[in-house]
Each structure stands twice: as C-alpha cells, then as structure tokens.
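Q: Sequence:
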Amino acid sequence: MRILITTATGREVAAGGKFADEAAARAWAEAEVTRYAATVGDVVDEVPPGALQLSAALTVRQARADQRDHAATQPPPPLDGPDRLLDLDEVAERYGMTPDSARRSGERGTLPEPDEGSGRTSRWRLSTLALWDHEAPLRRSR
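So the sequence shown is numbered by the working numbering: it starts at 210 and just counts up by one.
Quick caveat, the hints were computed from the structure, so don't treat them as lab data. Beta carbons are placed, not taken as given, at the ideal position from N, Cα and C, and that holds for glycine. Treat the hints with care, as some may be off.
[To be verified] What follows is a list of derived Cβ distance ranges for each label pair: (1) 309 / 282: 33 to 39 Å; (2) 255 / 310: 49 to 55 Å; (3) 232 / 313: 41 to 47 Å; (4) 317 / 279: 38 to 44 Å.
Kindly generate the complete structure, drawing on both the sequences and the hints.
A: Structure follows, in structure tokens:
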C-alpha cells in the first residue's frame, strides 16, 4: 500500500510501499507530513500517472524541499511576527550560549542551517528553530 501526499508546491508523491494496511499508512503520513505543509491524500495500490513514487523517508525530504521552495516565493514575514528572523546573538541567547559557541554549533551541525546569510551575518526564522527544537528527540535517537 502507498499513500499519496501533496507537498506545499502541489507536487503529488506516493510514499512507501511497506505499509501493512491503510491505518499504518495514514498513521505514518499524519505524523510526518503535517510539519512540512503537506497534505495527506488517499491510500492506493497503484501510483497514479504523474505522481512521484518515493520511499517514505524520501517523501519527507521532498516535502521539506518543497516547503523551502514554497517559502522562497512568499513575501518576507514581518520583523516582529512569530516568524521573524533572529541574528546570531539572538539565537545564542535563545539557547543560553555565547555567539561564538552558537557559531561553532552551527559549523558542527548542532544548530539548523541559517535561513539567510552565513557566519556573523547568519539569520534564522523562529519557525526554523522551533522545528529544529521539535525534531531534537528524533535526531538523538538516530
């Protein structure tokens, strides 16, 4: 069984083929794709023409990529809104570290990639940091 997922840019993908039944496919999809501006479609036996057939893990990556592509076409968020950009000093303060420690953490991959800039000019969206925080238990379990 496969489950159809529509990503933020409208791309239709079919996830997996390892789901035992419709309930298992839906449970996986509901847990994974809601974070990535994707919607869950039908559980199918055959992938419809035009849909990409991907593994479940690749479907999530595709949804993330499409979410980034979709976000790039959207107007910038307000500077004081819930998705405002934080500079390196603000990110360091958020995580209780010095700016130099935050910069090194970014270089080691223990902070998400910045949404804009690099080095001292790096800026992160609050939503990027919130998603990173939300996925922290998943990263530790790998």
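Q: Which hints from the list above does the structure break, by number from lowest to highest?
A: Violated: hint 4 alone.
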